[in-house]
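Colleague: Below, each chain spelled out in residue letters.
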Amino acid sequence: MATTAKSRMLTGSKAMVEAIDQEMERDPRVFVMGEDVGKYGGIFGSTTGLFEKYGPTRILDTPISETAFIGAAIGAAMEGMRPIVELMFVDFFGVCMDQIYNQMAKIHYMSGGHVKVPLVLMTAVGGGYNDAAQHSQTLYATFAHLPGMKVVAPTFPDDLKGMMIAAIREDNPVILMFHKGLQGLGWMDQLDASIGEVPQEPYTVPLGRSRIVREGNDVTIVGIQMMTVHAMKAAEQLKEAGIDAEVIDLRSLVPLDRETILRSVAKTHRLLVVDEDYQSYGMSAEIAATVAEAGLYDLEAPIRRLAIPDVPIPYSDPLENFVLPNAEKIAEAAKALVNM
Amino acid sequence: MATTAKSRMLTGSKAMVEAIDQEMERDPRVFVMGEDVGKYGGIFGSTTGLFEKYGPTRILDTPISETAFIGAAIGAAMEGMRPIVELMFVDFFGVCMDQIYNQMAKIHYMSGGHVKVPLVLMTAVGGGYNDAAQHSQTLYATFAHLPGMKVVAPTFPDDLKGMMIAAIREDNPVILMFHKGLQGLGWMDQLDASIGEVPQEPYTVPLGRSRIVREGNDVTIVGIQMMTVHAMKAAEQLKEAGIDAEVIDLRSLVPLDRETILRSVAKTHRLLVVDEDYQSYGMSAEIAATVAEAGLYDLEAPIRRLAIPDVPIPYSDPLENFVLPNAEKIAEAAKALVNM
Amino acid sequence: MATAEIVKEIPVEKARWMYETMVKIRYYEECMVQAYAEGKTPIFNIGAGTVPGEMHLAAGQEPAAVGMMAHLTENDTVTAPHRPHHHAIAKGVNLKRMTAEIFGRQSGLGKGKGGHMHLFDPKVKFACSGIIASGLPPAAGAALAAKMQGKNWVAVAFVGEGGANAGAFHETLNLAALWKLPLIVVVEDNHYGISVPKEASTAVPFNDIRGVAYGMPGFRVKDNDPLEMYRVSAKAVARARQGEGPSLIEIETYRYLGHFQGDPEVYRPKDEEAQLRKKDPIPRMRNWLLEQGLASEEEIAGMEARAHQEVDEAYAYARESAYPQPEEALADLFEPA
Amino acid sequence: MATAEIVKEIPVEKARWMYETMVKIRYYEECMVQAYAEGKTPIFNIGAGTVPGEMHLAAGQEPAAVGMMAHLTENDTVTAPHRPHHHAIAKGVNLKRMTAEIFGRQSGLGKGKGGHMHLFDPKVKFACSGIIASGLPPAAGAALAAKMQGKNWVAVAFVGEGGANAGAFHETLNLAALWKLPLIVVVEDNHYGISVPKEASTAVPFNDIRGVAYGMPGFRVKDNDPLEMYRVSAKAVARARQGEGPSLIEIETYRYLGHFQGDPEVYRPKDEEAQLRKKDPIPRMRNWLLEQGLASEEEIAGMEARAHQEVDEAYAYARESAYPQPEEALADLFEPA
Ligand SMILES: Cc1ncc(C[n+]2csc(CCOP(=O)(O)OP(=O)(O)O)c2C)c(N)n1
Ligand SMILES: Cc1ncc(C[n+]2csc(CCOP(=O)(O)OP(=O)(O)O)c2C)c(N)n1
Ligand SMILES: [Mg+2]
Ligand SMILES: [Mg+2]
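Chain order of the listed sequences is A, B, C and D.
According to my numbering, the first sequence is numbered sequentially starting from 1.
According to my numbering, the second sequence is numbered sequentially starting from 1.
According to my numbering, the third sequence is numbered sequentially starting from 1.
According to my numbering, the fourth sequence is numbered sequentially starting from 1.
Just so you know, the hints here were simulated from the structure itself, not pulled from any lab data.
Fair warning: there could be bad hints in the mix.
[Claimed, not checked] Computed cross-link-like contacts, DSS-like style, restricted to lysine-lysine with a CA-CA straight-line distance of at most 30 Å:
(1) C/Lys279 with A/Lys116
(2) B/Lys233 with B/Lys267
(3) C/Lys222 with D/Lys8
(4) C/Lys279 with C/Lys8
[As the list claims (entries may be wrong)] Some, not all, of what chain C presents toward chain B, calculated at C-beta under 10 Å:
(5) Ile43
(6) Ile131
(7) Ala168
(8) Asp263
[Unchecked claim] A short list of chain D residues far from chain B (calculated; beta carbon distances all over 10 Å):
(9) Ala48
(10) Ala168
(11) Val204
Computed from a predicted model, the values in this text were never measured in an experiment.
Every residue gets a Cβ at the ideal spot worked out from N, C-alpha and C, and that includes glycine.
Please put together the full structure from these sequences, using the hints given.
Modeller: Laid out in structure tokens, this is it:
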């Protein structure tokens, strides 16, 4: 997204709120539902100020009844409304997945395309702040595996705004995951990546296209959200070691921009996939499989995956740090790959 | 499993019932819960005759409250019981996944190994009989992606018995998926594979080991359950075309027997993975990634996946046939691979 | 059957509509028994024949559908469960395209993608789903949308008595009561959830009392009585339209057939169906129409003929319709941009 | 505070135990406020400091825990939600290892893997979980296991008033009532689910009435009264032990602190905490013990000192304990064969 005269520095959460706000102004059918989205402004700040502006008829605090209120969003969408509904932590999907994957995601198909379900389900993902096994997951692949919903996970503030607006305007259900650590919340680690230039005007960033956030020739590193941020830091370290890494920020899991990855691997001949989700049966496998199918002859080294090693996220600092990929581990893996 | 003097031909469902029966006789802590597991004997015959033998105190019909009764099985397991609980169709996981993946699968880890959850969750998977989008899925990867539970999916009657007994004796939670089409039910397509020699005595088949159901040198075909059966048929067709396929029946998704696959690919140099689950972010990706990581140099052709093409399972015959892999499609894909 | 009193409350054309629609539903289900059996004899194979897959029929449960739907218009939403034909027909779903869908044809409501548990007719705001109680939350959402748009439209969700023990039931009733949504939840108590009788699934004898847990009125209709269902539904719909909030209705109804076609029915007394059929609501309503002078034998015969004809035409349409092309399986996943 | 009557029902040692335990809980939570703040000033960073991650404290909610736990033994099961310290302490969870767990140490209950929302002490059959209402089904399972084993053990599940609107609540109460399980569900009404007040989440003013939906007794305890909680719990536990089935209790209680530490609390009146603290159950119970002659000032001082010392020792133990080795993250996924 090119910055314009009218862009300012915004945090991830402010960028997202601005997107929702502008769309609510534009389209009276847009409304927000979720736990603590009202006065509280969303536990992760995804609705800050909107209750004050739009009041309780468009910003609806819900009971702790995810099946009922996410299902209600689906029903409202089927009637022509354009709900944005928040699942507070993605980890809670287990209490409401039937509505999400058997109803929301399948109705368009089962109806032969006659029923639209224009809905944005936004949800917080990610760990790294010791919130333990039930509040730290990303579950990217859990959603991306099940057909009928777009699944996007923007990393940077400008994409958070542009993809949120695109998601709201989209006539299909979209799961929009935002990473807690990249929202620029005052009570989390302050990361540079969580603040960025964001144009003031409404704009859309197309769903389903990755972005090359660093060009390079020696190795392709594919990441998403926090792993993109770590990969970019790793790329700096690699540069010092004389390795020129290309970093792709996936941004979207469904649709998956396979072309960009394949093109990059055709150039670098080496692929490292980094994922904050569980390794097995995850996003890293899908990227690897894509290249093993369609880019095999480009590879000059085995594909390498770096992800959560198939255990729940442990609470204690040394344990959680051990399972989470970070810049050092990425740099190390990339080096090993290049030296193969 | 070597057949013995005391083995008979049994259907998949009878083999499974025999396993449960023998374990219930052996261990008074074993009991069964689920919808219609009582007088009805299980919609897919997984408890036929057990209610008559053990009565309502050990074979418990439940309300349609999957969260409550699967959660109750977890609680009972934590108290030293050894419940077998049935989720009638795997497709219904969305109403109870929190209990399954956030409680059942994580408690052992979160407790530092101090709390055991010895539980078998058995569930029916698979399509091919026009039961449409909400009753035809396998969802192999949905479960296999989430750590803390073993996920097994036996294909043949002898494995159904042996793996069920192993699962019941296992001190960890096990998801045991059985394929509706391979249970030998009187009201389904009659497949040869759904009947087989099954030893009378109790025995276990270790969880986590695949089985090579056909040895060959030209291409490795990895399948599970119905796809294994189709792959074996395809292998016959391939034989006529002069292609000698090795067919691996995965049997277990977690743990995943990566060694057998790698060894096979080291021999055949070609890999085709066939899956009745959705293709993207699925089992086929994990197998492909495993080989792209650890067996890349063995490959003489790109890896090929054949799976549900990322749409919900459609109802109508021509549509469902189109999305389901079958022997012909497998043979075709294998031929293309060998001729590459 | 309710006594003469109800005559004052029910317009004659509604009474006739209810009767004719019950006949239509019953005949539809009877034809489906036949169609479903085609290609499944001598060996029953669920995936074979003209209409493959699971088939849950509603013969005997007509009163729940017609008693409620008599009060609804095309603007009101209905969600139904896995046993949806009676609701669909009473709601005015396009019968030809519904039948074509069940036959898996391209001209079906869902182009053959949905099937009998997944019928969607947005024109009359009808939807159903094969997951127990999953229609309740979306119905609440439709009610919410009506409220937000300032319409006096209502939404009705049907669920079996077995489904009233699902979490979605509780969550939805609480949400609807809390937000005073124009939602009505109708529990069809046909005594069984597949093989499990109500007393083995439900801690209370009747679900109407569960309204107490949400401060919402609970109504109970006994004896599968279409007129009583009409009366009670009138109250619930009026409340909803007037912004007074949701209601809960439980109707005692009869499931004549197995849970699904092919059900061995080992779990119920052999003569249960026959006993239930003795109380069949259709002849009861027929007699009542005659007794009350609301329709003559001739008029009734005309209604019956019309109902049969419409059903016959729908089946004929389905049979004549083409199957979808295989590759169409890949279409309709997403709405194009 | 209940009047003199209760003296006849409550053995003196129970009354003293309740007081001492309330003091212990309160002091534990106050120490946790401090420990949690360490390393989080001047800038609050949830992932920093001695005790990182979310922290939900129960200061003010002691009566719910002690009034119930006074009736339980080590054989009875308790499941608690995300705000579990008061239940854990009253249930007799190993305080040192619990604190070490919260501090993320190797000597913790879960070797540092669980954290404050995931405390498991199988010795006293205590478990908790961070997912709302997720402890109810397993508690029903523990009750089922007791019943199957012919034991008169009971299971108690605690849940917030916000959690009483989750589907798991409905499903579990129905199952427990249906099977007459020795289960007691205690709803702690601290008026908020994070920021959402009860009247914005719950369609009825009080949850005790929801017992009606399951044919089960519903009890209500007002004013955060530990003695009344004791009395009501006695009835519910006795019923359960005698095989008469489950009960539902709602207690009106007070959440003095934010939902979690760091909560900006924009949603509640500034003086609410101060108002609630005026009715603090701990001094009320202290006065009552004195008035009723159940303990002297000296004895009370001794109880308080003992409670403080135990807590201090637990915190000291935690601080002295080592962190786990990083690679231990890979252990404990599965029970070895
Ligand atoms: C969540 C879920 N659990 C289980 C099933 C399987 N199932 C289909 S119909 C049925 C019984 C439903 O009983 P009831 O609600 O009384 O409706 P009825 O069949 O009597 O019309 C069950 C258990 C399902 N479809 N969805
Ligand atoms: C299923 C689920 N939904 C949402 C949350 C987020 N959450 C954590 S605590 C809480 C509020 C709980 O309120 P209540 O049940 O009244 O308990 P209290 O916090 O007041 O003790 C919420 C919404 C969760 N943990 N689990
Ligand atoms: Mg029923
Ligand atoms: Mg609360």
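Colleague: Would you mind marking each hint as holding or not holding in the structure?
Modeller: For each hint, the structure was consulted:
1. At roughly 42 Å between alpha-carbon atoms, C/Lys279 and A/Lys116 are farther apart than 30 Å, so this suggested pair is violated.
2. Restraint check: the Cα-Cα separation between B/Lys233 and B/Lys267 comes to about 21 Å, which is no more than 30 Å; the hinted pair holds.
3. Restraint check: the Cα-Cα separation between C/Lys222 and D/Lys8 comes to about 49 Å, which exceeds 30 Å; the hinted pair is violated.
4. With a CA separation close to 24 Å, the supplied pair C/Lys279 and C/Lys8 stays within the 30 Å bound.
5. Contact between C/Ile43 and chain B, as hinted, is supported at the beta carbon level, the nearest pair being about 8 Å apart and thus within 10 Å.
6. This hint holds: C/Ile131 has a C-beta 6 Å from the nearest C-beta of chain B, less than the 10 Å allowed.
7. Given the 10 Å rule on beta carbons, the hint for C/Ala168 holds: about 7 Å separates it from the nearest Cβ of chain B.
8. Checking C/Asp263 against chain B: minimum C-beta separation of about 9 Å stays under 10 Å; hint holds.
9. Listed as a non-interface residue, D/Ala48 keeps its Cβ farther than 10 Å from every Cβ of chain B; the least gap is roughly 22 Å.
10. Look at D/Ala168: its CB is around 5 Å from the nearest CB on chain B, not clear of 10 Å, so calling it non-interface is violated.
11. With a least CB separation of 21 Å from chain B, D/Val204 remains clear of the 10 Å interface cut-off, as annotated.
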